[in-house]
Structure formats: C-alpha cells, structure tokens
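Top line first, the protein sequences correspond to chains A and B. Numbers given in my numbering equal positions in the first sequence, counted from 1, plus 63. Numbers given in my numbering equal positions in the second sequence, counted from 1, plus 63.
These aren't lab readings, by the way, just hints derived from the structure by calculation. Be aware that a few hints might be false.
No distinction is drawn between identical chains; accordingly, a pair holds when it is met within one copy or between any pair of copies.
Below, computed lysine-lysine pairings styled on DSSO-like, alpha-carbon distance capped at 30 Å [as the list claims (entries may be wrong)]:
(1) Lys510 - Lys632
(2) Lys530 - Lys577
(3) Lys667 - Lys655
(4) Lys615 - Lys534
(5) Lys655 - Lys534
Protein chains: 2
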Amino acid sequence: MFGKVKRVLIGRPMKSAELEAEKLGKLKALAILSSDALSSVAYGTEQILLVLMVAGFAALWYSVPISIAVLGLLVILVISYRQTIFAYPTGGGAYIVAKDNLGQASSLIAGGSLLVDYVLTVAVSSSAGTDAITSAFPILHDHRVLIALVMIVFLTLMNLRGVTESASVLAIPIYLFVISIFFLIISGVIKYMTGGIEAAAPEFGTTVSNVSLFLLLKAFSSGCSALTGVEAVSNAIPNFRQPAERNAAATLLMMGLILGGMFIGITLLAYWYGIRPSGTETVISQIARMTFGSGIIYYIIQGVTALILFLAANTAYSAFPLLAFMLAKDKYMPHMFMVRGDRLGFSNGIIFLSLASALLVIVFHGETDSLIPLYAVGVFIPFTLSQLGMMVRWIKLKPANWVLKLVINTIGMLTTLSITLIFIFTKFAQVWIIFIFLPIVVYVFYKIYIHYQNTAEQLRIDITIDKPQIKGNTIIIPVAGITRVVMNTISYAKTLSPNVVAVYVGFDDEAIRKMEDKWEQWDPGVRLIVLKSRYRSILGPLRRFIDTVEWKTSATDHITILIPQFVTKHWWESILHNQTSLLMRAYLINYKDVVVATVPYHLKS
Amino acid sequence: MFGKVKRVLIGRPMKSAELEAEKLGKLKALAILSSDALSSVAYGTEQILLVLMVAGFAALWYSVPISIAVLGLLVILVISYRQTIFAYPTGGGAYIVAKDNLGQASSLIAGGSLLVDYVLTVAVSSSAGTDAITSAFPILHDHRVLIALVMIVFLTLMNLRGVTESASVLAIPIYLFVISIFFLIISGVIKYMTGGIEAAAPEFGTTVSNVSLFLLLKAFSSGCSALTGVEAVSNAIPNFRQPAERNAAATLLMMGLILGGMFIGITLLAYWYGIRPSGTETVISQIARMTFGSGIIYYIIQGVTALILFLAANTAYSAFPLLAFMLAKDKYMPHMFMVRGDRLGFSNGIIFLSLASALLVIVFHGETDSLIPLYAVGVFIPFTLSQLGMMVRWIKLKPANWVLKLVINTIGMLTTLSITLIFIFTKFAQVWIIFIFLPIVVYVFYKIYIHYQNTAEQLRIDITIDKPQIKGNTIIIPVAGITRVVMNTISYAKTLSPNVVAVYVGFDDEAIRKMEDKWEQWDPGVRLIVLKSRYRSILGPLRRFIDTVEWKTSATDHITILIPQFVTKHWWESILHNQTSLLMRAYLINYKDVVVATVPYHLKS
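Next up, chain A with everything else stripped away, as it sits in the complex (with noise of 0.2 Å):
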C-alpha cells in the first residue's frame, strides 16, 4: 500500500551504478548553479528601500550609492572566491576549507551555519517566490503559507525523484528570467528617458534630516542579501568539464556580472520611478506594472520571478543533503545522512530540509522580509570563514604569488566579518536567534561525535584474539494458555536446548489451577511454572522471574526468551489482540542482557 503511493510519487528504484554524474558545459553550469545567486535581486533593490522608507520618501535616493557599494562588495567576493576555486579544485565549501585549515571548531560553525542557512534557502526562496505570486494575483494574499508550503512539497517530491535527469530542464527558466529582466531593465529605462513615468523621483543628494549612519549602515547589509547564493559555483567545480577551474572561474565571473547589472537596474529603475517599497506588492512587480501595465508581458515577468525563487530553493536541496552527508561521514551527525534512498538522492537530507523549512514558513507566516536578516547572516558567517580559511593556507603553503593571494583573502576577510558586524550592530532583534542556535548545533554536532567514538571504541574486537565462546542455553516460553502457538513454539524450544521451562502468570487461584491440570493432562514434554499476579502485570512477575533465573545461570547459560506469537493476516486485526508481547520485548532487550526470540503462527485466514 505505502509501498504503492511511493512508487507512483518517487519512482521505481535505481541502481548504485546509475549514479554517474553529468559533467557540465559553462553554459549549462551557470544556469544550474546561478539560481541561488541570480534570484536574489528579486529582493535584493527591495530590502534596501525598507530599511531607507523609515526615514522618509525623500531619503530612498540614498539606495543607489548604497547598491554601487554592494556590488563593490561583489566585486570582491567575486575576486576571492576565484581563488577558492583554484586552490580546491575537488569542490571548496565553506566547511571543507574551514576544516582543512582552522581546524574542527571553525569548521562546526561553517557546517552548522551553512545548514542552517540552507533551511532559509528554501523558506527565503518560496516566500518570495510566493511574494511574486501574489503581487500579480491580490486574491491570494491570505494563502501565503500554502502556497509556499505546496512548493516546498513539490520541491521534495521532484528532488526525492533525483534531480540530475532535470538538469537540462533547469537552465531554460534561468535564461528566461535573465532575459526578461534585462529586458524590463531596457524597456523602464528608454520609458523614463522619453519620459513616459509620471512619478516624481526623489531628489538625488538632498540631505535628510533623520538619515543616520546608523540607518544607512543597516539599509546596506539588507543590500548584502542580493548576494546571496554567489558562493554555489566553488562546491560544485568536480561537476565542472575540463578545465574544470578554468570553466567555473569563468562561470563565476559570468554570474557576477549578470548579478551587478540586474542588482543596479531594477535600483536605478525603483529610484527613477519613485517606487515606494509595500507590504502587497514586490518592488519588481511595481516597476514591471509601470512600464508595461497589467498585461501578459508583466505576468510572464512575474511568472519566471516566482519560477526562479523556486529553482533557488532548488539549489539548496542539492547542497543541504551533500553537506549533511560529509558532516556524517566525519561523524558529526547521525548515519542516516549517509544513506542513499530508491533514487539515488539523499532522502533523509531532503526530507529533514523540508521539514525544517516548512516549519520556518509556518512560524514566520511567509514573511519574507522577516526571513531575510536571518538568511543573511547566516551567508556571511561561512562566507568569512572561508575566506580566513584560505589565509591561513596561504601563510602555511606559501605558494608563488602568495602574499598577493593573501592581500586579497584579507581583504575579502575584512569585508565579510565588518558587514557580519554590522548585521549585528544594526539588527541585533531580527538576528540574535541565530547566535542562540548555532551554539547549540555545534555542541550537538561534538555530542554526536564523541557518542560515534565512543560506540566504536566499545564494539572494536581484536580479531586475533577475541572468538566466540560456547556455553549452555536456558531458554524461557511466557504462555498464556495452550493453544497451537505455544505447541509451535515448545517444539522450536526442544529443538535448541534440553533446558526449556514454559511460564504461565495467572491472576487468580482457579485459573492458575485449571492451568496447571491442563498442561499435566496435556504433558508436552516441558515443565510449567506458574507465578501468581495481583497487580494483573504479566511483565512484572515475569521480570522478576527471569532475574531469579540470570542470577543462577548467567554464569553457565545464555537465557533466551521465546515469545509465542499468531501473526494475523491483516495488519489491522492485530489491534484486535493483545501486545503485551512487543512491550515485552522491548523491555527486555532494552533493559535485561537476554536474547529474546519471537516464533510466530500465521494465521490463515
């Protein structure tokens, strides 16, 4: 049945040896690897007039200097993370550079940080993408968290199905919505200057009386979130085709320019049209509603804006389980981030980011501006590890070119730990859970790795010297009366050992009675016990009993317990029967140093 339903969704399982990775052309790799990125600047221009529209209409001029000095910080991490990629040509997360050069506790926090950071992938993502969705459509403002609930299902099916065979599919969107932006950049910009725009901009340069630098400061790390994402190329170079470093640096730099000029833009265009950031509309849907009106063409722009956002959510249901899966090899979370599922993806991951993110959604109501510090700084943290990770193997591998490598490392360093800075100073309310909960997850993450260590420890043998050792066998059968289950179960017994008693708990003299007469009459061979209850617990006089039997025996014996058992033939007519059995043995292979066998009867019919 289940079984069923997961066929139909998943699809048929596949073979390990199907797991062959797709190599990727540039092309292809940054439309594949750029969503992430590129869909940033569907908030980016966005998040910066929130911030300045507190001080005023007159003050949103201040948000194109304040966009010139965000993409001087791409400019910059462009630059240093060219340098990544060369230096780790196998793929340089956050987390692998971190570990091979700061050591384990850096390398928790850029783990645990990235993780982290991916959950708000995909809320981010499919808040805004639903942002889109309503700007267009007004009625659906109040199903916002379903809407962005749906994507985050969908997202889990199609990636629980496995991604690569879509990888072609994905670029179509990306060159869509880079195509269509550009286009609504060209379009707003000719309309404003043939004069087409009746809004009144504000006037650039004006002093504002209560712009602080404080306000501006926060205005530009809102900005910072446009940046999101550039990271994605440096952990994916092995999927790259020869010259692998060649093609992702110059996928990188591709991407750094489509990001800057869509990010200037849709800033310019925003200040231009004098738009004013809205609680029910994006700023992207204003603009392109400005300059083409309600027709098909701002729909089809509003149509790809959500598709991208959720192809960047996309982006994280390949990196979450990835990374998750190394953190488990090196023994940082549980196994079952190692295991691959039918379709070859790493179901466990998956299904945990969607959980984890869906549950986001619903606290935060799909409030994507609620979401973004968080996401933020969650970005910078990695990102300025990252960059200390790399000056650190500069010092110590001193390659030719090194101090100019490291000028550049420290520099990019400086950067991200000043806006990680000021994400704090200026947002302190929006970010500090972040600074409560990455703590815990690193101290989980150690927890995790002493328990592996220690297990390992425990049930390492020295095979040269320890070998299995034989002793003699005590077993036990709990009855319950004398039916064809027990019968079945005494002759399984006889045939392991000739110390077999059976055990019967009565809850009254005359059914204790008229058992003992039935089983002498009955004579199968095995002697009968009979333990009287008077609190009607089968587990408590049994548990007492088998004590009694260890202290004896233990020494000489092995003690196994047999529990007869009917399996019926549908599932739900076993609720129609006692389970005494399954607490029992739960109890006692939990608690007691017993084997504990289960013989079943199935029944017929």
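Given the structure of chain A, go ahead and fit chain B onto it with the hints provided.
Chain B alone, transformed into the frame defined by chain A:
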C-alpha cells in the same frame, strides 16, 4: 519518566483483591445514580422553548402542556423500568435485556446505541456545564470548547485514578443541586405571586397562527431530552444493599418524583417570567438572575448546576467501560477493553470515551443545542429495545400477573417507539448521522466477533493428540562488519545449532573483498556468505537468501534469524544508529515462517 508522571496523575497501582464494591444504601444510591437524569433539567425546558420560539414569543405558553406530556412519559418510563428492576436483579441494561430476549442483532443495536450515547452524555454534559459557567461569566464565552475539554481531561484523570473512593463525596453536590433548584423554584413562585416580576408572560391558551402540529411534536421530542438518564438505576442493582431490588425500585421512584418536580417547576417559572431562550445565557441562569439578582445566591446556583452536569458526565465514565467490558467479553469488541488498569478501572474504555467525546465537543464547537437531538435519539432506541425485550420475556415466561406486566411494557414500548419516530420525523436533519453510524458500529461488532471465532478455531489444539515435534535448526546471522556485537551473536548461535551461517550484504566489490579477507583472518568457526546489492537495500538480497534457505531446508529444519544488535545506554542515542534491524524484524515476523531473535549487546556508556 513516563512512569513517574503517571504515578502523580493516576496514583499507585492497586491489587486485584482491593476490588470490593462498596454496597449502596437508598440515599447514597440516589445521589450517585441520578446525576445524569436530574442534570437534564438544566437543559430540558430550554430545548422546548428553543423550538417554540421559532413561532414567536406568544407560542411559548405551549411549553406548559408539552412539559405535562413529558411528565406523563416520565411516569410510564418509571413504571416500566420498575418491572425491569425486579426481572433483572443482577442488572438489566438494555444490552442485557435485548441479548436475553431478542437475540444478537437487537442486542448489538442496543449496545451500539448505548455506547454512542455514553459518548454523547459526556459531550452534552460538559458542553451544558460550560453553558452554566459562561452564563455567569460571559467573558468566557469564546473559550467554550477549551473549558469543556478541560472538564473532560479532569474526568479522565479522576476516573483513571478510580472513582469508588469518591462515591460518598459525590452525594454532596447532588443534594446541593436538588436543594438549590427547589429553593429557586419556591423563591421564584413566591416572587411571582407577590408580583415581584415585571416581565409579561405570553397569554395562556391563545392560538398562535404559525404553530403547527409538527412544531409541537418537535418541541415535545426536544422536551424528552429531560428524561435522559432515568435508566441508570436499572443497570446498577448489584451495587445496592439488600433487599437490592426493593431498594432500587424505591430509588427509581424517588428520582422520578424529584426530576418531575424540578422539571415542571422550571418550566412554569420560565413561562411566568416570560423568558426567551438566548444563545449566551441559559434559561436557568435567567430565572435565577431575575429571582435573586446577580448576587451570591445566583452564583451558587450556577456553580452547583455546572458541578451536577460535570457529575452527569461522570456517570458515563462508569457505564461506558462496563458496557465495553461486557461487549468485549462477548467478543464484539477488542479484548483490550477487558483489561483493568493499575487502579482497577477499565483504562482503555475510559480513554476511548474521553477521546471520542472530546472529538465531538471539538466538531460541534461545544454547542449543546446541536448535540442534544443526537443524544436523545440515541437514548430512546435502547429504551424501546429494552421494553420490547421485556414484552417478549413476559410472553415467554408467563409469570404471575404477566398480562398486566405485558400491558405496562407494551405501553412503554409504544411510547418510546413513537418518540423515536417523532425524532426522526421532526429532526431528521439533525439526527440522520446516527442512522449511518449505528449500522457501521453493529457491522464492526459482527466482524470482530467473526475474527475472534476464527482465530480461536485456528489456535485450538486437541491436547490428547497434538504434541510438540522436534526438528533441526538452521541459523542465519546477518552481519555488517566484525564487531563485539557480531562476536557475541556468533557465540550464542554456536550454542544452539551446528548449522550456522553469517550473511554479509555488500554494496560494492571492494567492500566485499575486504570483508571476506578479514573474516578469513578472524576465523570464528562460522561460514560467511556474501551477497551483493545493486539497489543499496539490505533487506532485498537477505530476503531472497532466506527464501532459498527456506526452500532447501524447511522440511527438516526450523530457520532462525539472529539479529546482532547493540543497545545504546540512552534511548535517544538510538536515533544515531541504523534501525535496519527493526525493519528486518517487522518484515520477517509478518511475512515469513522464521523465528527472529535479537541478540542484544548493551553499551556501557
């Protein structure tokens, strides 16, 4: 942990011998058995007024003749049930009477409708109790469902602890209630007689144009909800002090008198005071407020009313589990309803009742008026069947005066049958669900019965012929590596049989080769069989291997699967480890004729 919480909430376990029913005198019996019936006056009059109000305020005078008709019905019921008491001194609930005289089908309908009814008793009484509270404190009106649920949780805990101890305590609120209501009626009558009431009553005897026979019948059937609970005495005769039947009959009579007096008193006052039924304040609350003002006496009356309704719900907590026990003993319900809990109550019945009634309260938003029609129709079906059973009994046994007895029960049967039909006729829209649900319940009873018969048939052995047989034993140990757990399991296996094989499922050639080499080096005296899995499934290849072994050896050997398992020190640590063994066990037990044993190795830390 769970154990400790349970101790605090439920109390220490009790010995079976402590089950010594405390026998009841007439006054105490009246107190304990009548809360369900007497509490009906809290909503009986109101139900009539609600229906009449549809035809306008002037129609409310009909409530007086309708209430007199309800009183007549009460007389008939009391006389009929006295006969049942004398005929069934060991307790004559509708299920017993129907089973005894009408056969299986009728008894199951009676039993099913009674069970449904007890659930409704809890739902109605807790909702009506909530009404009494929110009438006094309108601010709580929006938290109705929560208040009713808190009542149910409290009742559950109280009954899981066991109620017998509190039997004498229960008498106090009932007498308080009777005293307060009669005090209210007398004070109200005096106030009315002395002209202290300004409101105008609808004129008695005027013809109201839009009052149809249909409406009057509907109002009458609504008024019959005041009679729910009168059957309680006849179920409980064994609990009475000797002479039990006489005492029970006298108690029933007293209850009838008190109920009739209170009901007609409230109806008259409501008429004289010109009270209109309201969605936010109960009729009794309105009468009490007009009589005494919103002072201390008013609050006492509301408090006592809420308390009595709470106790009425409590009667269902003794009746439901007992009836479920009887049905389970007759194999119509799962065995689990026969198990007494730590505190000697039938815990499963109590918990089931609570969950079902809580569900009803939630679904009906705690609206008493929507629940009462279902409740009343559910009561009158077993009333009718019980009377019919008595008729058959008199015709069969023909005792002294049997004709008179037959006439009495025939009148009773025809009356209750008419009322059931009036219910269906006038309130079909509200009660149809019962006629869907009841057949389903009866069908499930039948299916359960057949399943138990079937199972017993298959498990029965002839103890003179069927004796245990001895066969050989083949043991299979699935291993994932060479560890202390595996060594432990092999040691154990070698004590049981010389035919032991270890099975390793590998995912790639390298892992398989390594395992084979290491095993050869270790040489534990057991052959290793290696299976390769292309789909990363351990269960699949193992299953096929077991099939092969089964096919080869099942004629001569039992097949035993020994699962090596290490048990972590803390339960939560187990999520860090692979739970394949659990899956394997569940699959094998349910589908294969093999014995599955778990050999535990307990980690020290």
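Hints, verified against the model:
1. Lys510 - Lys632: between (44 Å within a copy, 14 Å between copies)
2. Lys530 - Lys577: between (48 Å within a copy, 19 Å between copies)
3. Lys667 - Lys655: Only across copies: Lys667 and Lys655 sit 13 Å apart there, 34 Å inside one copy, limit 30 Å.
4. Lys615 - Lys534: both (14 Å within a copy, 29 Å between copies)
5. Lys655 - Lys534: Answer is both; intra-copy 18 Å and inter-copy 29 Å each pass.
Checked against the numbered hints listed earlier, the structure breaks none of them; every hint is satisfied.
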